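These protein sequence lines map, in sequence, to chains A and B.
One point on numbering: in this note's numbering, the residue at position 32 of the first sequence is 32, and numbering is uninterrupted.
One point on numbering: in this note's numbering, the residue at position 22 of the second sequence is 22, and numbering is uninterrupted.
Please keep in mind that the hints were generated in silico from the structure rather than gathered at the bench.
Mixed in with the good hints, there may be bad ones.
Here are the simulated DSSO-like pairs of lysine-lysine, each with C-alpha atoms no more than 30 Å apart in a straight line [claimed, not checked]:
1. Lys74/B <-> Lys107/A
2. Lys41/A <-> Lys93/B
3. Lys98/B <-> Lys191/A
4. Lys107/A <-> Lys38/A
5. Lys41/A <-> Lys98/B
6. Lys93/B <-> Lys38/A
7. Lys74/B <-> Lys38/A
8. Lys107/A <-> Lys41/A
9. Lys98/B <-> Lys74/B
10. Lys74/B <-> Lys93/B
11. Lys38/A <-> Lys98/B
Just so it is clear, the structure is predicted and the values come from calculations on it, not from any experiment.
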Amino acid sequence: MTVTPLARDYSLVGESARRAVESGLAAAEWYHTDIPRKQMKELMQRSDGPAIRDTAIWLGLLITFGAAGAALWGGWWCVPFFLCYGVLYGSATDSRWHECGHGTAFKTPWMNDAVYQIACFMIMRNPVTWRWSHTRHHTDTVIVGRDPEIAVMRPPDLLRVVLNFFGLLDAWHAMVDMVRNASGVIGADEKTFIPESEQPRAIRIARIWLAIYLVTIALAVYLGSWLPLMLVGLPRLYGAWHHVLTGLLQHGGLADNVTDHRLNSRTVLMNPVSRFIYWNMNYHVEHHMFPMVPYHALPRLHAMIRHDLPAPSPSLWAGYREMLPAFIRQLRNEDYFVKRELPPTARPYREEFHSETALAAE
Amino acid sequence: MSDWIEACAADDIDEEDVIRFDHAGRTFALYRSPEDEFFATDGLCTHEQIHLSQGLVMGDIIECPKHNGRFNYKTGAARGAPVCVNLRTYPVKVDAGKVFVQLG
Chain A
1 MTVTPLARDY SLVGESARRA VESGLAAAEW YHTDIPRKQM KELMQRSDGP
51 AIRDTAIWLG LLITFGAAGA ALWGGWWCVP FFLCYGVLYG SATDSRWHEC
101 GHGTAFKTPW MNDAVYQIAC FMIMRNPVTW RWSHTRHHTD TVIVGRDPEI
151 AVMRPPDLLR VVLNFFGLLD AWHAMVDMVR NASGVIGADE KTFIPESEQP
201 RAIRIARIWL AIYLVTIALA VYLGSWLPLM LVGLPRLYGA WHHVLTGLLQ
251 HGGLADNVTD HRLNSRTVLM NPVSRFIYWN MNYHVEHHMF PMVPYHALPR
301 LHAMIRHDLP APSPSLWAGY REMLPAFIRQ LRNEDYFVKR ELPPTARPYR
351 EEFHSETALA AE
Chain B
1 MSDWIEACAA DDIDEEDVIR FDHAGRTFAL YRSPEDEFFA TDGLCTHEQI
51 HLSQGLVMGD IIECPKHNGR FNYKTGAARG APVCVNLRTY PVKVDAGKVF
101 VQLG
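Bound-form chain A, shown alone:
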């Protein structure tokens, strides 16, 4: 059988989007590992304790490193402090935005909302737009034409990947989106996933943020110093590398257009510092399969269902050793993906939607 998959169109209003809806890939029912209800309820239970502790550490370190960097500004000794500050500002906020957006980090809703707003500002993601884009990401994970959060499209644009380790393209696009939203315009792609009733809120927040950045720039000009921008805005660039390092592994090099998270998501075991910054999102198959489980319960969930999942990548390095060659092969054959072996105890992969791409990958 000769398989000639059609070209991927990542626009949310393009041909792939239309095909995904027609074929039933959009808003499909996804595979789940069976977990007894009693255990699932225990895993889903909310608690303020872990997130209050982690947020206190995060904000405490952020303020400490930022203050030390500012105090030592002008000399080389400020560099290590700003490197740490940058990661806490430009990377740790990726996971804080994410977990608080799900409403699972804290038990108390206003705490989720407060950290969500702060993290969204730092990571430069409009809290309205990204709440809805992430909802779509969970409905249609790595479905081409439907998922607005596909980090590496096929064939991979490796220059874009490298530039984003320094936040360059992401921050640029975020700024363009902010200015566009602040001027009252919601883009065509954004309109596909943000309800009309929510769009004015996206515009209002963009205007507030624009005002904050303009004040920061004005202060920098007034002082004749980069320091205000080193504290607000630029950390999204010089501190982005860790969230890109970990985030690329979530789905990079794996299948698209499937309805089984074991095929399109990757769990990676990693060091405790990265897990603190990343808030356990290294358990990514588990998170996508059961998004109601808080970050602090994901290791328990992993232990409970690992018999049904591909073996996790044992380290960041191992994850990259799997993912990078897949990116290289996708430059020549964009239908290639890594299909990871399931343990004998697992139920087989769902085959309904990915038979064609699976063939193309062989």
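Use these hints to put chain B onto chain A, whose structure you have.
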């Protein structure tokens, strides 16, 4: 007014939990509150047709298992993004240890 439909035994639902109930081609969610009261709503989230019976009950809130949208299951009120449309509720009574729902 419709008849009362026997849905399940009261003991079938744990305290502060939810179960699924299908009847006449429709699906519903039945709840038992922490105060030991019983409630019924449509079974699917108004956002993306996900069964709420797999979700988490917290006090008077049911959270959808897919996108974490929240409803007050006692009133059906949507409680924030991504749910914008209220959930339909149905009268419930408990008689002789059985839960009955009045389906409109």
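Against the structure, the hints:
1. Lys74/B <-> Lys107/A: holds, 20 Å
2. Lys41/A <-> Lys93/B: holds, 26 Å
3. Lys98/B <-> Lys191/A: Roughly 47 Å between the alpha carbons, so the hint for Lys98/B and Lys191/A is violated.
4. Lys107/A <-> Lys38/A: holds, 19 Å
5. Lys41/A <-> Lys98/B: Status holds; Cα separation ~24 Å.
6. Lys93/B <-> Lys38/A: Holds, at about 25 Å.
7. Lys74/B <-> Lys38/A: holds, 23 Å
8. Lys107/A <-> Lys41/A: holds, 14 Å
9. Lys98/B <-> Lys74/B: OK: Lys98/B and Lys74/B at ~19 Å, within 30 Å.
10. Lys74/B <-> Lys93/B: Given that 30 Å is the threshold and the Cα spacing comes to 13 Å, the pair holds.
11. Lys38/A <-> Lys98/B: Holds, at roughly 22 Å.
Hint check: a violation occurs at hint 3 only; the rest are consistent with the structure.
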